[in-house]
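Enquirer: Residue numbers (my numbering), protein chains in the order written: chain A, 1 to 372; chain B, 1 to 418; chain C, 1 to 493.
Note that these hints are calculated values from the structure, not bench results.
Computed from a predicted model, the values in this text were never measured in an experiment.
Yeah, the Cβ is synthetic: ideal placement off N, Cα and C, and Gly gets one too.
Be aware that one or more of the hints could be misleading.
Said to hold, decoys possible - Rough simulated footprint, nothing fancy, chain B against chain C, three-plus residues with beta-carbon under 8 Å:
1) 29-38
2) 76-89
3) 120-132
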Amino acid sequence: MSGHGASSLAHWAERIRAAAAGRSHLRLRGGGSKDFYGCGPDAGNPDTLGTRDYAGIVAYEPTELVVTARCGTPLAELEAVLAEQGQSLAFEPPHFGSEATVGGCVAAGLSGPRRAQAGALRDFVLGVKMLDGNGDLLTFGGQVMKNVAGYDVPRLLAGSLGTLGLIAEVSLKVLPLPVAEHTLRFELAQQEALDLLNRWGGRPLPISASAWRGDALHVRFSGAAAAVGAAANSLVGLGGQPVAAAEASAFWHSLREQTHAFFAGDAPLWRLAVPSTTPVLAVDGMRSDAQLVEWGGAQRWLRGEGDHAAAIRALATEAGGHATLFRGDAATRASSGAFQPLSAPLLRLHRNLKAAFDPRGVFNPGRLYPEF
Amino acid sequence: MQTHLADFIEGTPEGREADTILRSCVHCGFCTATCPTYQLLGDELDGPRGRIYLIKQMLEGRPVSRLTQVHLDRCLSCRSCETTCPSGVNYHRLLDIGRGVVERCVPRPMAEKAMRFLLREALPRPWLFGAAVKLGRWMRPLLPPALADKVPATPGEGAGAWPKAAAHKRRMIVLAGCVQPALAPDTNAAAARVLDKLGIALFEAAGAGCCGALRYHLDAHERALADMRRLIDAWWPHVDSEQFGGIEAIVMTASGCGAHVRDFGALLGHDPVYAGKAARISALTRDISEVLDAEREGLAALLGEAGAGTGPEVSFHSPCTLQHGQKVRGVVESLLAVAGYRLSPVAGAHLCCGSAGTYSITQPALSTRLRDNKLAALGAGSPAVFATANVGCQTHLQSGTATPVRHWIELIDERLNG
Amino acid sequence: MSIDNEIGAPRCVVGRRQLIAQLRTVLPPHCLLIEEEELRPYECDGLTAYRQLPSLVALPENEAQAQAALEICAALNAPVVPRGAATGLSGGAMPHRDGVVVSLAKLKRIVKLDPLARTAVVQPGVRNLAVSEAAAPYGLYYAPDPSSQIACTIGGNVAENSGGVHCLKYGLTVHNVLRVRGLTVDGEIVEFGNAALDAPGYDLLALMNGSEGMLALITEVTVKLTPKPELAQVVLASFDEVTKAGDAVAGIIAAGIIPAGLEMMDKKATHAVEPYVNAGYDMDAEAILLCESDGTPEEVAEEIARMKAVLEHSGASGIRVSQNEAERLKFWAGRKAAFPAVGRITPDYLCMDGTIPRKNLARMLVAIAEMEVRYGLRCANVFHAGDGNLHPLIMYDANVPGQLDLATAFGAEILELSVELGGTITGEHGVGIEKIGQMCAQFSPDELDLFRRLKRAFDPGGLLNPGKAIPAAARCREYRLTRGAAPLAGSVR
Ligand SMILES: Cc1cc2nc3c(=O)[nH]c(=O)nc-3n(C[C@H](O)[C@H](O)[C@H](O)COP(=O)(O)OP(=O)(O)OC[C@H]3O[C@@H](n4cnc5c(N)ncnc54)[C@H](O)[C@@H]3O)c2cc1C
Ligand code: SF4
Ligand code: SF4
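With the sequences and hints as input, model every part of the structure.
Expert: Next up, the structure:
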């Protein structure tokens, strides 16, 4: 653990105050594994404030189901420590590289294959220690499971992409690793897969992940050995083929880390969050087979060359959801924005909140939306 | 809750009782969830917790007006709130006390006065009410809808034969009641036939009349107490005397009366002459379902083949006075099942049908909404017949549906004797 | 800089007559209460120790009326206090002297229930239990189940981020809500979240949960529905010492079990509740634990066996397992009615809501027993033990002068100890008006100032539920003077 914790926080506070006074900007950066995510990080020519030095697990009591770590702690290290105790971050955060840090993970707010069942990253954030745009060190939330004292700032910071403040330390809820896991593979067209997933969703099955791609649906079951076995058996009759453990684990890992072949290449990658019952999506001019479905139908990945931003966003809105340009070249990100545009009242609230946390606009200008 | 009762009531028996009840309420609001009027209107003032508060401020000496009266009038006295209340708040007693005070303080508009007078005077008199029903049936097309609905379009089927009296050693009195003989004349006869098969003689005592519930709930407390004393006098010789051989129980076939008679002990508790007798009467009182429940084995034996789950489908509306007032729950349903009827499930079974004594006449709009909701719930499974356990509910429900609404004891009677 | 938005802060006193005249143009006559006689029953929520007569009560019947009423209030600078079922236990819905209580109780329609997508769109006045009842025919239910679920509304649940006896495994309100539609202070319609997961931008949906009616007026909520487990069973364990029960709780979690529910009641609580439910609780036990397991029959059997082993090891003096669904529901009915049932043994109680690390449960129980002696007041203990969420019920008699003050001091001491033990002053009931002083103990001046700035981002004029949850700087200065307390937790500096 870094012995220079307090001094580096003080040093950062100093830099933040100086930037605020000089009306300059800071780009908060952990391991840089998610540099691609969000709008261009370069608006306002910021200096970079790297957080990797402020690392280490501050407190971990497995019986309390909570871990507290500094922002620069490598995500891999944290997960290894949890695994030693038979625990894990149940939302399976993507790392996107070995440099990923805990702070960056929380700021990006991304969740992996288990999200539909276990919940999103923000559901596991219990407390934060942060530096706001005035350089004040503030603590919100805590290490207990339930806490409604004051507004829920910790969850607000999750996914804020560093635009509200510097997450210095975070407390996360952890859960026991599932005792057993089992994956089945079904040969199905996308619509059939969607229908099945939604029907299964209404039954108390221990489904912990699902993915449809290229006429195959993978479904993972997790939980007590008895439950997983029974559930898997009940679905084998529908044509499910068991997938060997090692192969299954590699498959889910490739989705979580986007190392799966689907994600290879430079074509823009769109993430659509839609109601799980939304029928197969079709975008004019995009290949209909360049799709990957996760989260029981609630997350659809689309790939395709060319500028389809307007059509995709309209499609997502129509379905009652939203679309993110997850990966794309800087030009497309600049022209279409990474995230679905906000309604007028929401944009106003976002600006106001940004001003409340970071009155001088020091942090990551434009990273979330070009407007702030 | 904190209380500071005003001088006019503090220290009186009523005041002490009210204070105890008020203080037992912790204002959790659970009761609002099962209160029919709150569920319809969504105003705190139309739910039990709000009414308790209205009564509290009145007893604390704050000015009271028509505004309070309106919300207390809207209460059905269904006591669903009491069933829900974990703190054991004796709401209906507090309401009675509160209504009494409002009645003294707040004058009513003329039309309302006249209507309440009529109800108070006509309904409790069987001879007058019976005549009125006959007259009403004839004049039905001319009556305002609020009243016309209450008058059955066709006469109830005449009372079937009572079994030959006295052959049995076991004897019970049944209350004839005030409106039942005119509106549902066969109910008591059916009860008598069923009990006869079980070896129990059932008879009506002469000179009994109305139990006083009607007047009591129209806030004519003194007149009601007189009714109650008269009834006690009529029954007492049978209760007390060797000469008549004594009786096992006083049986109620209208749960509305049952709930009230069970309260005699409390209501006449301060009466030096009648307190003891009233308590005895209350203790002897049984709903017909409780009597039958105790004879369940005999009944099952008698029904034999009939009890094989082959009967028609029926949905049961448990009157508030049965499930909340007398806290008899699930008994009728299981007896009907013993007799082979198939019960169709009823949503919101704890809710009042809107009959509630004279409520259907004093609050026609709310009453009709409650009735229609109840009929929809009863009819959800399309049963052939609706059953209930109180004549008021029976005629009220019947006024909104073509499906026959019967007293459940008649259904048992049919399986036994039909 | 700090912004003072508490009661008593100078504000333009509203022309009441003008307010009435304008509200009458947008609300039907029976939806606006103006006479003191009608207003009085609205003076408090489930916490009767704090009361304030409102200026007016508005009961809109639809969103448009609510919107119009809000616009008028904003224009006339009148405070607005949202109200659901008023089962709140922190005075969150306590009115403002110059303000309009806006009750959402008439907005009680389930707008849409989609069994395939497992979502329900409901108006804010829909009762929590009504959602589960509507979903039941599809084998679904709404997971968060506050003990007040029979009566409390979804709007109130979101505003408080309510928990329930099953939230250890199934999450709090914030984990089970997909979308909140609401009105900003000046009546603008705004949607937080949507029918899909993880909406873009800041997580304002999460922020709305637990915002105590201070950021927006909620007019519609989309909730997630959960499939009912195939089987659920409860283990009822008795203990002859309260501290043993506390240790057993930590033991179960340590064994890697996440029970569907893990609740504790002490003897005073079981004795109050048993006459109401006849649940068959062990009346001799000093404390009982209710541990629920759910899932497939095989899973439940396996987990129950593991739980029993831990309970026995922790010294349980008796163990019973629910034999059927009726019995299971009875066991829970007793727990859920525990607060009001305590009304049978005391005229009044204050319900605390501190949350602490589970390992400190036994320590807290010992401390509370000591405080009972020192304050001369009894305290029944009902805990969401699995979450470390305590509900000590401090019994007092409001008619005895001085007892409320004693009870309040007793409660304050429990809350401060909660913070000291690494916890928080409120796990699920909210700060409201009740715990506003203790906020000064849990948060530093800078932290409180950020809360005030956040509030101002939504409500610059401070009209939405003013005086709740976030203390003014002046209050905290006074609090620290009188209690002689530095911030107990908070920042490292
Ligand atoms: C016996 C009892 C047991 C309880 N058990 C639990 C429990 O197990 N878990 C738990 O978490 N809580 C519990 N509570 C507390 C309470 O029931 C919850 O806080 C509940 O969510 C409040 O809902 P309500 O509809 O009554 O809201 P209210 O009390 O009316 O209001 C609560 C807060 O929400 C705001 N509000 C209400 N509606 C809206 C709206 N539409 N828009 C914006 N703001 C709004 C109000 O301004 C207020 O600040 C219990 C209460 C009682 C009396
Ligand atoms: S349920 Fe009982 S204690 Fe609670 S408010 Fe109603 S009457 Fe009062
Ligand atoms: S008696 Fe019935 S109508 Fe009256 S307050 Fe109680 S539940 Fe409501």
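Enquirer: Run every hint past the structure and note whether it holds.
Expert: Outcome of the hint check:
Chain B is given as covering the stretch 29-38 of chain C, and this holds because 6 residues of the stretch bring a CB closer than 8 Å to a CB of that chain, at least three being needed. Beta-carbon proximity to chain B at under 8 Å applies to 3 residues in the stretch 76-89 of chain C; the threshold of 3 is reached and the given coverage holds. Residues of the stretch 120-132 of chain C lying with their CB closer than 8 Å to a CB of chain B number 3, which satisfies the three-residue condition for coverage.
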